[in-house]
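Which chain is which? The protein sequence lines are X and Z, in order. Read in order, the letters of the first sequence are residues 0 to 586 in numbering that gives the first Met the number 0. Read in order, the letters of the second sequence are residues 0 to 525 in numbering that gives the first Met the number 0.
Everything labelled a hint here was simulated from the structure, so no lab data went into it. Incorrect hints may have been included.
Stated by the list, open to error - Think about it this way: if two alpha-carbon atoms lie no more than 20 angstroms apart in a straight line, the pair counts; the simulated SDA-like pairs of lysine to any residue are: (1) K375(X) to L426(X); (2) K414(X) to T537(X); (3) K393(Z) to T537(X); (4) K393(Z) to D355(X); (5) K393(Z) to S356(X); (6) K412(Z) to G495(Z); (7) K377(Z) to R341(Z).
Unchecked claim - Beyond 10 angstroms from chain Z on every Cβ pair, some chain X residues (computed): (8) L91; (9) F118; (10) P133; (11) V154; (12) E184; (13) N189; (14) S195; (15) R196; (16) P204; (17) D225; (18) W242; (19) G299; (20) R366; (21) Q381; (22) R441; (23) S491.
Glycine is no exception: its CB is placed at the ideal position from the N, C-alpha and C atoms.
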Amino acid sequence: MNVRSCCAVLALASSLLAQELRVAADSLARLPADDSPLWLADLDGDGDQDLVSISAESLAVWRLGADRTYPETPDAKLVWDDADVAFDLGDLDRDGATEVLVVSGGRTLRRYVLGADGFGEPTTLRDDLGAALPRGVHRVPFVQDVDGSPPEDLVIPGPGLFHIFRSQPDGLSAPIDVAFESRVETSVGNPDSLDSRFRQDVTIPWFHMRDVDGDGRLDLLSETSDRVLFHIADPELPTRPTWRLDLQRFRDEVELEQIDFFDLTRNMSALVTWRLADLDGVPPNDLVIQQGSTLLIWMGGSRGGIDRNPDDVLPSSGNLLLYAFFDTVGDPLPELHILRLEDITLGELVRMAVMDSETTLEVYSYRNRGGHFDRKAMSVVQVNLELPSLIDIDDHDSAVRVGVRARLKSDNGAKPHHACLDPDGLLDDAVVYEDGRLRFWRDALPRDGLGTDRGDMRDALLTAVDESGLTGLSSFLRRRDDAPEGQVLRKSYDVSVDDLVEGASGIQRMLRALDRDVPPALEAPTVFGEHEPDVIVTDLDGDGISDVLLVHTLQRSDDEPSLRTVEAVILGRTPRPSEAPATDGDG
Amino acid sequence: MIAPALLPIAALLAPSAEVTYVEQGFSVPGELLTAQTVDVDGDGRLDLLLAVLERATRRRVITVRPGGADGLFAIEPATTVQVLDDIVAFGVAEVRDDPGRELVFLTRDGAWAYSPTKRGYKDNIERLVGAELLYDVPDPQALPYWEYVLPHAGGDHLLLPEAGGFRIWGPAPPDAERAPGAPRYIERLADFSDGRPAVRVGGGPPDDPERDALLSAALELTSNLFGYGDKLSVRSFLEDDVSTRAPALADVDGDGRLDMLVMRDDLRVYLAGPDGLPAVPTRIETFPDSMAVEEGGRRDVDLVDVDADGDVDVVLHLRAARDDLLGNRVHDVLVLRNDGRRLLPAVADDLRRVEAAWADVQVTDVDGDGRPDLVLEKAESPSQLELIRSTNPKIETTLLVFRGGDDGRFARKPDVESHASLDFAELGDAVGRSDLGCDCDGDGIHDQVDVDLEGNVSIRRLRRETGFFGGVTWSLDATPWKTFPRVGSFRVLEVGDVNGDGLGDVLTSRGDRVTVLLSRRPGGAR
């Protein structure tokens, strides 16, 4: 790039930065005043977000027009062809337009595309699904990227199984069946009582995609209460599990007959859990099973083959509350750290709940010798944890809890929403709704706050932990244990509630701090007056600037029914008259 | 639930020294899901019905052990039924002409009859009802017992819930034509006054993406440090819940037939006649404002015959809102007597108020005089002052019994008052269950059955003593009369007369063993 071009770019950038923020469009859409969900999706492929809602009869769309307004009533509808329907929104063919995928009658999967004249005839993708879905109309997230490669795949729940259809160049693959276990709570009423209910709550848990064996490829695992099923990609995901981990077998050997109220921590430690970690630096990953207070380790066990005896057995005297693998001596292999808590009876727990108290955790750390751990701890760290009372008795409030509440209380008024209002692409601008008006600030929130992906968020949290003054806890997590061979290093850390609150309030400050002494860059009225609508900040028109959706039920007049009102405030930028953009790159 | 205790007058006379208990234990090959005593085979004796989740196969199984003339249950089951995966719940009812009663299985799309006298499902299972029930998904690790069975000559009626209400189903007329495979039962009554949605609508992405992003990152940070990410997930694939209010079944008018009470904004009373329940309510009553539950509070409404006049009355237990977990709060117990015309008077006939952290109410004939008594148990938290100043703060537990009088009312002052103080170190000892519902020692007076956290079951006698200078005093023995070490658990304790001798029997379980403690009069007399 030459000097002339650089200057042109700089001039253009400076002119963009000088542009005023303005309301480019403000429109209202109206929906029935019920609890039907509302989503945003680009169904017509024009690069902006359309409104989507559902009813028992249909799916309705309000398309964002070229003038950046929504119509008051839907301008496209998809009528369901069955009373029991599951649908999802996704771009299976990666053409930039979101399709509507519909499973009806539990058997047929159809794809609908929204055109200029509405929804056309669907394409039938499968007619042999064995889907098990709740009655009624539900959005089910069955469009998912399972294998980490485009296009997206389909996950259809069957009776106790997910049927995973991977998208391939020539269509959908044969299904991979992955077991799941619904969490079901059923109430059958009580004929002796007038207050009972018939009820059923159902949760279908998700499955996990992760690199189980450390070969860089995503594997699939699903877990039920008594077993874990592993599908190891080699290189493709197999349709049948590669191997099964029978948790119930391990659990049968340690299960308590009754809850022990005289040693509550014993109940917590009588568990069977499992973990994958690289303990010896040699692939594949290793498998660790906690069976009560004993750790069993199989080298390379992430790929199964654990019918043999474990390669290492680590019994722990006392209650094993938590265990972790991370490095504290500065070598490539992680050490083993076991967290123990003192015995607590029910009475002591109740007392701790009502009075400020202190408890001591002990962390025993064991050196890693190429995947085998020393039997003798190399360090014992005591963490003295101050605990405030959890509840009040007779209106008495713990002094510690009063302090906690005061520290956590936000004095910033209404909650600011992160937004991107300028071309820097950072979510460090703020939107606040108060008293019926929207206010916008540029560069007003911490830049290291809410990131756009999990990595940013994780970094932000670590930063907050480090910078918050959590001296005790932070030091403990980042310590280096340098005990000479044969000696046990003993350390003690005090963690007060103050430390924890400081960390929590630090995070809160990081995310929410807004200097209200600075005048907002823009203010705009809304139709909601004294009401408190839901506020959604997102880029609706695809121009890179955040816009605002406000949703609330309003009644326009006594003669009219209440309707859910959606106000869309689309933001744009206009140049300041005094600063015309430069046209020549000469410096 | 054990069938109501029988209390023949002759049973009042047996001296306690002669009553013994036989301990019958049954190993179950897994986790006990349901235990019931029901007359399945129709011989007039209660049978032991167990539903178990087998450890080896992870399948659900129902077994039936008949009750014998000797007052014991058969050691081996007479019937073992493998429960199919799509069964949500089960009950027992007389629904077809096979010997004894049938098992009724509820699935997502109706109800089915299965005779325990036949082996297997082939040529046995028969559809009774075809309807989309409220329950979408069977829980492979549970098998609730269905109690909404209305006895009826010619075939018991079944009350089954759907979205927004319920329907009652009964046998089609004998002369009605029925297509092959068509359900045996037809609709008798429908109540969808709870608001029947045309169809359920739900599901979607998280409502608060910001909160979810924060939570996901926090969990991932934690899992990276402690490796618990294997079991952590903030996402569920699908969540769905549906519910509707359940009616009560009770003999409202004392005619020996089960009536139905449906509570919506009002109380709908359906009085059963010879042909069963009417299609529309017989009358509608409203709850007085004084009986409304305050925000954050709780109300339990039980139907009990408090005045022994044969019809059911209402006992309300109102709890005020609670500010914290352990603090004391106001409990009001209101007794509303059924006068034959209405269940809900404008003003309660009886009101008791206590302040406690926890309270429980029971109406039962404790002293065996034929008149129900009011039993109130409560536990009071220590005050803040005690917590701060005392090195050993205590929780006070109290048992109060207000005897029923000839006028059908409870005494103003308790005749039995039993206190215990527990310090926090003993709290584990205090957690357990108690039942004062039956006479166990044969003196005609109810006794208390306790089970503690270690599974020890004990029976303590309630005594009535007359002093030389007059007056009657009541006391609950501190020392148990009978003790059964480590046979039970506080999760399962049922007390009632199982073997028909007029004395309380105990059903409990621990681990993979179900224990029934069966009372025995001398010579096994009933």
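Worksheet item: If you check each hint against the structure, which ones fail?
Response: 1, 3, 6, 7, 10, 11, 12, 13, 14, 15, 16, 17
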